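A.B. asks: Based on the provided sequences and hints, a complete structural model is requested.
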Amino acid sequence: MRLHHCFECLRENGDGGVVVFVTGGDPTVEVTIRAVVELAEAGVDAIEVGIPFSDPIADGPVIQASSERALKSGTTIESLLSAVNEIRAYTDVPLIFMTYFNPVLQYGLERFARECSSAGVDGVLITDLPPEEATDWLHAANKNSIETIFLLAPTSTDERIKTVATVSTGFIYCVSRTGITGEREELPKDLRELVQRIRRETEKPIAVGFGISKPEHVRAVLSQTDADAVVIGSAVVRRMHEWLYSSDDEKAWHKLRQFVASLKEAARGTKRQRRA
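Residue numbers (this note's numbering): 1291 to 1566.
Hints are computed from structural coordinates only; laboratory data are not their basis.
Here the structure is a predicted model, which means the values were calculated and not measured.
It is possible that some hints are incorrect.
Claimed, not checked - DEER-style ranges, computed between Cβ atoms:
hint, residue 1, residue 2, range
1, 1547, 1445, 28 to 38 Å
2, 1398, 1361, 13 to 23 Å
3, 1545, 1492, 34 to 44 Å
4, 1493, 1364, 39 to 49 Å
5, 1351, 1444, 15 to 25 Å
6, 1375, 1294, 15 to 25 Å
Stated by the list, open to error - Restricting the straight-line Cα-Cα distance to at most 27 Å, the calculated cross-link-like pairs of lysine-lysine (BS3-like) are:
hint, residue 1, residue 2
7, 1494, 1433
8, 1541, 1554
9, 1494, 1504
10, 1504, 1452
11, 1554, 1479
12, 1433, 1452
13, 1479, 1504
14, 1504, 1554
15, 1545, 1504
16, 1452, 1494
17, 1494, 1554
18, 1479, 1494
19, 1479, 1452
Beta carbons are placed, not taken as given, at the ideal position from N, Cα and C, and that holds for glycine.
C.D. replies: Following this line, the structure appears as structure tokens:
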């Protein structure tokens, strides 16, 4: 319900949403807990917490390196579920676990969904799980009131778009370009058309990710397309590594809050302008 309420409020206020990704356990689970709380207080609308995996094929070098650091620090699904439990004492910001199918399968689909729900996770995005193969997961997720977010890309067929529009719940993750995650200078020219293709099939929230790294990108995507939100990953993960990895001081946290607040500020009012 937190995700639904989040997007309802954004639409009522005419604001675009900002979803931020952090790798769970980089550099430590304790830092992740504080980061989620700080990001929520800085105004982000939802937070994706990446479960580190040894072969993150969809991720670029920044998030791959982050995942390696998290694994070396001993991060596990159990430790991140415990972290979410702790986070829920401080904030109600919607939380999404982003992961690959192998760790979830090893953990057990039913157990993972049940423990996510118990800890306070709102949604799960399994990067390499297509909807056609997700029946068992969807059963476990729906039974435990966990939203499932699926990906769509520029290469997605009309049939795939219709399928994802039907089965995706919390929101639909629109990948702005083919390839891996990472920061880019420019946005793809065909992004508006891709979002329109999805919007023709559904009124569910659409979040655009991959390559969005600065306030100008945020404003451009939200004011020029029918997307409801943007997802920023590598730009945040890189700054966290540069600013917090070697120095957990208050100046570093202040810089992170300022950066994220600038992204949220760029999103404000963008949907009012578009409707007008």
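A.B. asks: Each of the hints needs a verdict: does it hold here or not?
C.D. replies: Now the hints, each set against the structure:
no. : hint                      : verdict
1   : 1547 <-> 1445: 28 to 38 Å : holds, 37 Å
2   : 1398 <-> 1361: 13 to 23 Å : holds, 20 Å
3   : 1545 <-> 1492: 34 to 44 Å : holds, 38 Å
4   : 1493 <-> 1364: 39 to 49 Å : holds, 43 Å
5   : 1351 <-> 1444: 15 to 25 Å : holds, 22 Å
6   : 1375 <-> 1294: 15 to 25 Å : holds, 22 Å
7   : 1494 <-> 1433             : holds, 21 Å
8   : 1541 <-> 1554             : holds, 20 Å
9   : 1494 <-> 1504             : holds, 25 Å
10  : 1504 <-> 1452             : violated, 31 Å
11  : 1554 <-> 1479             : holds, 23 Å
12  : 1433 <-> 1452             : holds, 23 Å
13  : 1479 <-> 1504             : holds, 17 Å
14  : 1504 <-> 1554             : holds, 10 Å
15  : 1545 <-> 1504             : holds, 14 Å
16  : 1452 <-> 1494             : holds, 12 Å
17  : 1494 <-> 1554             : holds, 21 Å
18  : 1479 <-> 1494             : holds, 23 Å
19  : 1479 <-> 1452             : holds, 23 Å
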